[in-house]
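Novice: What follows is the residue order along each chain.
There are 2 protein chains.
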Amino acid sequence: MLAGDAALAQAQALDAQAVQAAAARKAAGSPALNTGEVMNATTPDDWREPDPQNVVLMEIRPSATAAPQQVWMELAPRFAPEHAANIRALVRGGYFDGLAVLRVQDNFVTQWGDPGDPVGADNAKTRPLPEAAKPKLPAEFDTALAGLPLHALVETDGWAPLNGFVDGFPVAADPAKTPQGRAWLAHCYGVVGAGRGNEIDSSNGASLYAVIGHSPRPLDLNITVVGRILKGIEHLAALPRGGGNMGFYKPEEARPPLMSAKLLADLPAAERPKVQVLRTDTLTWANLLHTRRYRGGWYVASSGRVDLCSSTVPVRVTPPTAPVNP
Amino acid sequence: MLAGDAALAQAQALDAQAVQAAAARKAAGSPALNTGEVMNATTPDDWREPDPQNVVLMEIRPSATAAPQQVWMELAPRFAPEHAANIRALVRGGYFDGLAVLRVQDNFVTQWGDPGDPVGADNAKTRPLPEAAKPKLPAEFDTALAGLPLHALVETDGWAPLNGFVDGFPVAADPAKTPQGRAWLAHCYGVVGAGRGNEIDSSNGASLYAVIGHSPRPLDLNITVVGRILKGIEHLAALPRGGGNMGFYKPEEARPPLMSAKLLADLPAAERPKVQVLRTDTLTWANLLHTRRYRGGWYVASSGRVDLCSSTVPVRVTPPTAPVNP
Chain A
1 MLAGDAALAQ
11 AQALDAQAVQ
21 AAAARKAAGS
31 PALNTGEVMN
41 ATTPDDWREP
51 DPQNVVLMEI
61 RPSATAAPQQ
71 VWMELAPRFA
81 PEHAANIRAL
91 VRGGYFDGLA
101 VLRVQDNFVT
111 QWGDPGDPVG
121 ADNAKTRPLP
131 EAAKPKLPAE
141 FDTALAGLPL
151 HALVETDGWA
161 PLNGFVDGFP
171 VAADPAKTPQ
181 GRAWLAHCYG
191 VVGAGRGNEI
201 DSSNGASLYA
211 VIGHSPRPLD
221 LNITVVGRIL
231 KGIEHLAALP
241 RGGGNMGFYK
251 PEEARPPLMS
261 AKLLADLPAA
271 ERPKVQVLRT
281 DTLTWANLLH
291 TRRYRGGWYV
301 ASSGRVDLCS
311 STVPVRVTPP
321 TAPVNP
Chain B
1 MLAGDAALAQ
11 AQALDAQAVQ
21 AAAARKAAGS
31 PALNTGEVMN
41 ATTPDDWREP
51 DPQNVVLMEI
61 RPSATAAPQQ
71 VWMELAPRFA
81 PEHAANIRAL
91 VRGGYFDGLA
101 VLRVQDNFVT
111 QWGDPGDPVG
121 ADNAKTRPLP
131 EAAKPKLPAE
141 FDTALAGLPL
151 HALVETDGWA
161 PLNGFVDGFP
171 VAADPAKTPQ
181 GRAWLAHCYG
191 VVGAGRGNEI
201 DSSNGASLYA
211 VIGHSPRPLD
221 LNITVVGRIL
231 KGIEHLAALP
241 RGGGNMGFYK
251 PEEARPPLMS
261 AKLLADLPAA
271 ERPKVQVLRT
281 DTLTWANLLH
291 TRRYRGGWYV
301 ASSGRVDLCS
311 STVPVRVTPP
321 TAPVNP
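Going down the list, the protein sequences come from chains A and B. Heads up, the first sequence is in full-length UniProt numbering, so the first residue is 1 and it goes up one at a time. Heads up, the second sequence is in full-length UniProt numbering, so the first residue is 1 and it goes up one at a time.
Derived from the structure by calculation, the hints contain no laboratory data. Mixed in with the good hints, there may be bad ones.
Heads up, simulated DSS-like pairs for lysine-lysine below, C-alpha to C-alpha not over 25 Å straight-line [claimed, not checked]:
1. B:K262 <-> B:K136
2. A:K250 <-> A:K125
3. A:K250 <-> B:K250
4. B:K125 <-> B:K231
5. B:K125 <-> B:K136
6. A:K231 <-> B:K250
Given these sequences and hints, build the entire structure.
Specialist: This is how it looks when you write it as structure tokens:
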């Protein structure tokens, strides 16, 4: 069976179970579950913990005098191994500490990092990279579909013949593209990419952007997507829009400070919050999608449908059990 | 010919002209036009001026001490005649002046108006309506497709069998639904709806919301959509998210002030900015979509595709030629 067919067959089987479960509730006279009830009924097996080597905790301030806000990002080395490794090296080398958010373009992206951005445009302002980080990386726009643990959605959104989730990341795919098929991270809300100049190999992860509006899918396959914001995207989306071209802040003093970036793996174990992402190969996930396709309560009409970019995979962050400063 | 087929045939004919124009440029050795170049080449005939009776100018402040920001909204009486008339009566009666933004829910909506909201939840706080405004209106969730001047997109996004634009508003449609077909305003970025309680006829336009995230299309056909933000949606999208349930501001003192709402028709003619919306039945519009489907410059891959909610129809606002206070 082709990789795409197998993924779709699995999705259809899980969806059929969710439909059956809903029908059984109805036959028993029980009201349909809503999204909150499905989430409240999750068990520990429904969640996975991302590798702490892939989780970055950033602190930003909306303005120089405002309180700090936490933004959690998960890197996707399965799709962008070179960029994930380089971003780890940048974070560990303190590269991002004390930098800033460079631009916020409404209904598009918030971008932070390299103050010489646009990439290479102003070398005098670029902060030197830590020794362990590479200045240039190959383009990592797509990967082989074969072998990817893709959990498909039954519906496609028209941007690709197949779509779904890998490790909670939104993925589009074209099973027929090459013998191995082609898959790529899709530019959905909260997805993070690496800014590049005109050359496709000009990104290094020092300049990153997150999607803050209606999914800009034409960016797909044009730039390396490195991960997604797990928590705190609302802090990036609510920043004042920059007044310059493409939403760059003018004057530069208006830039919201990026105070620090740390790897979860580098926090002492006792101080590490537990970060968990809902699995997408479970009946829980199928039930959750079902509640989004068929809504009750306030809704009088159901779309009978979800799409990739509105099916954000839930995340929960639990504070460390041990007090940080006992 | 069915209404849907005619709209699609017109879209395909215009698209074919745009494809031909692009091929002719290529054959002549000229570079492909980009979106900016298409916009710079528009002629006065490419634009329409909305009826000033349908244009509302709101002034908000992100906080009590911040500078005021302008937000322009166009009402859509073709789809929601009763709501449009009631909102006009509310605006003329000064209903919105001195109210506030009530909630901002990330990746969803910004809602303003009736301080008793959620609708009917707190009657003690509801501001009395002006005499000319009705407290209750019928649901205006959809209308007949037949007779609508729908300019279709060649592509559909999966949420409806047909989609496109009427007067610049994003519209989804189902030609087969009734003998007249069914059409409705789609919940794309910037679209404005009228908040309601559990009863479908419980909205009156005193509580309004604008979409500020990835299109929440499951709201379609569940609520009356009254128009869209023509200009200034970034001011609504950048407001701090409310800390309460559903993004309601807590404490209420944190609500961003809504200073005033006025009809463009009620401004003295000499003080009226000229508001224009790009027409969508023109070769200019087809050329614009073509530049979005096939991008050059920085892009190395083209999606070959647009979708309804990312194809926002351009708007321009020209300040009044006569000085306001000579």
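Novice: State for each hint whether it applies.
Specialist: Outcome of the hint check:
1. B:K262 <-> B:K136: Distance ~22 Å between K262 (chain B) and K136 (chain B) Cα, so the pair holds.
2. A:K250 <-> A:K125: holds, 15 Å
3. A:K250 <-> B:K250: violated, 32 Å
4. B:K125 <-> B:K231: violated, 30 Å
5. B:K125 <-> B:K136: holds, 17 Å
6. A:K231 <-> B:K250: Status holds; Cα separation ~21 Å.
When each numbered hint is compared with the structure, violations occur for hints 3 and 4.
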